[in-house]
Amino acid sequence: MKSKLFTLILLLASLTCSAQIAGTWHGKLQVTSVYSLSLVLHITEEGNQLSATLDSPDQGATGITVDKVEYNTTSKQLTFESSAIGARYQGILKNDTIQGVFAQGGMPRRLDLSRGEVKKEEVVLPYNSQEVSIPSGDVMLSGTLTSPKEGGKSTALLLIAGSGPNNRDEQIGPHKPLYDIADYLTKEGYTVLRYDKRGIGKSTGSFSASLLSDLQADAVAAAQFLRSYSKFERVGIIGHSEGGLIAQMIAAETPQVTDFIILLAAPGTTGIETVVYQNAVIMAHLIEPSVTEQFRQVTQETFSQLAYKEQDRTQDSLLMRSYFDKVLPLVKEDQREQTKEMVYSDHYLTSMLNALTPYFKGFLRTTPKKYLRQITCPILAINGSMDMQVEADANLSVIKTFATESKEITVLKVEGLNHLFLPSKTGLPQEYFQLKPGFSPEVLHAISDWLLK
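Residues 1 to 453, numbered by full-length UniProt numbering, are exactly what the sequence shown covers, in order.
Here are the computed lysine-lysine pairs in the DSS-like style, where the Cα-Cα straight-line distance is at most 25 Å: (1) Lys370 / Lys407; (2) Lys436 / Lys28; (3) Lys326 / Lys361; (4) Lys453 / Lys153; (5) Lys94 / Lys28; (6) Lys28 / Lys68; (7) Lys202 / Lys176; (8) Lys400 / Lys370; (9) Lys425 / Lys176; (10) Lys176 / Lys149.
FRET-style restraints, in silico, Cβ to Cβ: (11) Ser133 / Pro108: 34 to 44 Å; (12) Glu131 / Leu328: 44 to 54 Å; (13) Met342 / Thr204: 35 to 45 Å; (14) Glu131 / Glu333: 48 to 58 Å; (15) Val118 / Pro329: 49 to 59 Å; (16) Glu293 / Ser133: 43 to 53 Å; (17) Leu328 / Gly105: 18 to 28 Å.
No lab work stands behind these hints, which were simulated from the structure alone.
Virtual Cβ for every residue (Gly too), placed ideally from N, Cα, C.
Build out the structure end to end from the sequences listed, making use of the hints.
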């Protein structure tokens with residue numbers, strides 16, 4: 001009898017300890033000195049089994065699969081793993097806090113989890129902000145429309161994000177360029193619309209299956225949405241990076257929906273030329289300076305072939321392997337073996353092939369010159385001198401040279417700013433997460449001054 005009673009007490013103790021870990025937990029992962037990421041862990045218990053999912057609210061990701069979750073009731077140690085994001089966590093429960101380490105990509109970082117949901121801070125805006133739905137074919141775009149509480153100008157502005165699965169703020173780590181632009185211009189008296197790309201955030205549809213033409217159609221629908229408000233005498237488009245390319249396409253092919261365009265770090269060179277420049281920047285520390293031009297030529301030849309090839313994974317794989325064969329002899333000798341191991345690895349090659357989507361090949365084929373020649377509305381084009389994704393001088397030159405039918409064209413290069421219009425030492429994308437969030441006041445003032453002309 002005593003033995004059965006003791007067994008029952010142990011069982012109850014075990015169940016009680018497991019119940020302690022079940023529920024929702026949240027914490028802040030300090031990615032860099034200026035960037036922290038909110039994570040939410042949901043642990044459920046069914047029978048004697050634990051399961052879990054992970055959310056990353058700042059990235060708009062929910063229900064991330066957790067493959068393995070274990071809790072030791074004696075040591076109070078929690079362990080979970082997620083192959084979906086290549087992450088592992090190990091921590092100890094102390095009162096209502098799990099103190100532990102989160103490791104992803106071989107980078108361990110402290111992550112303490114507290115019980116309960118993330119508490120959202122209420123932000124009181126000095127202007128109106130409302131959720132809107134915008135139909136675009138069989139897709140429903142979700143956006144934010146901000147406007148002054150009183151008065152306001154008769155000009156409305158549409159913001160278009162750059163390449164990638166961007167939300168309405170164009171969030172890149174701690175940076176929210178479109179939020180910052182909308183916030184500033186709304187305070188200046190303008191009505192501003194920004195939206196989640198199709199398949200992202202609250203918008204329906206599929207981003208991964210979209211083409212550049214689909215994103216153009218969505219932007220046209222958003223511009224027409226603003227046009228439906230009779231109080232606006234002018235509607236203009238502000239496009240960042242690829243969003244600037246889409247703005248050019250719209251101004252050329254559907255000029256009735258926009259009265260002017262503002263191009264922020266927008267490409268004027270071809271898609272192939274843009275990719276060649278970006279690859280040259282990325283590989284600069286690996287390539288011998290004396291063969292840089294040869295590297296550019298090999299890269300241009302390869303991506304020119306890829307741009308006009310049908311989707312064929314086998315052929316793309318052969319072409320990429322041939323590209324690596326040509327590039328490796330150009331790599332600095334002390335870096336060559338390590339680079340060879342990386343580019344010929346199955347993981348790297350698979351990543352490259354996955355990136356060669358119809359959408360990407362469509363971008364490679366773009367020729368902004370043909371759109372610029374057709375644009376008749378006013379254009380403001382701004383680039384930062386430290387932009388390592390869209391080179392300032394080359395692209396501003398093309399825009400100014402070929403937009404000959406534009407009623408007015410203004411180009412501006414701002415010294416020391418990167419692709420996100422932040423002060424930068426290198427301009428390289430890997431530096432983005434080290435920089436404090438914000439958007440260049442000089443550029444914002446330049447936009448405001450130009451709009452008043």
